[in-house]
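Student: Here's the letter readout for the chains.
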Amino acid sequence: GQSLEQPSEVTAVEGAIVQINCTYQTSGFYGLSWYQQHDGGAPTFLSYNALDGLEETGRFSSFLSRSDSYGYLLLQELQMKDSASYFCAVRDGQNFVFGPGTRLSVLP
Amino acid sequence: SAVISQKPSRDICQRGTSLTIQCQVDSQVTMMFWYRQQPGQSLTLIATANQGSEATYESGFVIDKFPISRPNLTFSTLTVSNMSPEDSSIYLCSALTSGQLKPYEQYFGPGTRLTVT
Chain A
274 GQSLEQPSEV TAVEGAIVQI NCTYQTSGFY GLSWYQQHDG GAPTFLSYNA LDGLEETGRF
334 SSFLSRSDSY GYLLLQELQM KDSASYFCAV RDGQNFVFGP GTRLSVLP
Chain B
8 SAVISQKPSR DICQRGTSLT IQCQVDSQVT MMFWYRQQPG QSLTLIATAN QGSEATYESG
68 FVIDKFPISR PNLTFSTLTV SNMSPEDSSI YLCSALTSGQ LKPYEQYFGP GTRLTVT
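Chains as they are written, first to last, in this note's numbering: chain A, 274 to 381; chain B, 8 to 124.
Just so you know, the hints here were simulated from the structure itself, not pulled from any lab data. Treat the hints with caution; some may be incorrect.
[Said to hold, decoys possible] Computed footprint of chain B on chain A; a stretch qualifies when at least three of its residues, placed anywhere within it, have a C-beta under 8 Å from a C-beta of chain B:
#: 1; segment: 306 to 316
#: 2; segment: 326 to 336
[Claimed, not checked] Using C-beta positions, here's what the derived DEER-type ranges look like:
#: 3; chain 1: B; residue 1: Phe68; chain 2: A; residue 2: Glu282; range: 24 to 34 Å
#: 4; chain 1: B; residue 1: Gly59; chain 2: A; residue 2: Arg339; range: 29 to 39 Å
#: 5; chain 1: B; residue 1: Gly67; chain 2: A; residue 2: Ser281; range: 21 to 31 Å
[Claimed, not checked] Partial pick of chain B residues on the chain A-facing surface, computed with a CB cut under 10 Å:
#: 6; residue: Thr55
#: 7; residue: Gln58
#: 8; residue: Phe82
Note that the structure is predicted; figures quoted are calculated from it, not measured. Note that the Cβ used here is the ideal one computed from N, Cα and C, for glycine as well.
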C-alpha cells in the first residue's frame, strides 16, 4: 500500500522558520514533491527531490532522505501570504501519491 | 511552464445526470491527470489520461463512471456519469512536464467545483 504522513496543522509567526515533515511508505519511489495550495486555489509546485540532500529555492528549501523515507519542507522568513496548505507527494512511476496536507497558519 | 484552463469552473447538477469537464493546456505536455479533492482534504488521483488510448484508472475508479478522453497532447475531458451527491467535489486537471530545468513539475488547473443535488 501507499501511505504518507504529515502534521495536520502548523502555526508560526511572521519572520520565523517552520519545518513541515513528511514520511512515506510506498511500493515505488522516484522522488518527493511539495505543493502549496491557498484556499480556493489550485496546487502550485514548490520543489522536487529525487536524490538525498537539500534543495534550496529562495525562502523555501526541501530535504530528502531516501534511507529514512523522510523529507521536509523548510520555509524561512515566513510571510502572511505563506498561510496555505502544503502537500508532499511521492512520485510512484509516472503517478504521484499525495499526502494528507499540512495547514500552515502564519500569525502577525 | 504550462497554463491549464478548465471549464466549467463550477456547476450544480441533479442526481442521475452527467457532466463533462474540459481541460486545455497551452503547450504540449507528456502526461495529463485527473484528481478529485474534497474541500480541506488531499488530492486523490482518478486516472491518467493517455493520448490516443484508454485512460489508466486508479483503484476505486472505473471507466463507466468517469470516462476520460484525450484526443491530442493539449486537451482532455472527464465526464462524471450518473451523478450522486457523493460525487460533489472539486475536480482538478493536471499536466506533467519533464523539462530539464524543473523535472516532473506538475501543473494544475483551477478546478471545477461540482455540487450534486
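Student: Taking 29 to 39 Å as the hint, is the beta-carbon distance of glycine 59 of chain B and arginine 339 of chain A inside that range?
Tutor: At 35 Å between Cβs, range holds.
Student: Verify the CB-CB distance for phenylalanine 68 of chain B and glutamate 282 of chain A against the hinted window 24 to 34 Å.
Tutor: holds (29 Å)
Student: In this structure, is the beta-carbon distance linking glycine 67 of chain B and serine 281 of chain A contained in 21 to 31 Å?
Tutor: holds (23 Å)
Student: Was the hint right that phenylalanine 82 of chain B lines chain A, CB cutoff 10 Å?
Tutor: violated (18 Å)
Student: Please count how many residues of the segment 306 to 316 of chain A have a CB within 8 Å of a CB from chain B and say whether that reaches 3.
Tutor: With 5 residues close enough to chain B, the hint holds.
Student: Is the hint on glutamine 58 of chain B kept, meaning its closest Cβ partner in chain A is under 10 Å away?
Tutor: Violated, about 13 Å.
Student: Quick one: see if chain B covers the segment 326 to 336 of chain A, three-plus residues with Cβ-Cβ under 8 Å.
Tutor: violated (count 0)
Student: Against chain A, run the beta carbon of threonine 55 of chain B and see if the smallest gap drops under 10 Å.
Tutor: With a minimum Cβ separation of about 7 Å from chain A (threshold 10 Å), the hint on threonine 55 of chain B holds.
The structure fails hints 2, 7 and 8 (numbered hints given earlier, in ascending order).
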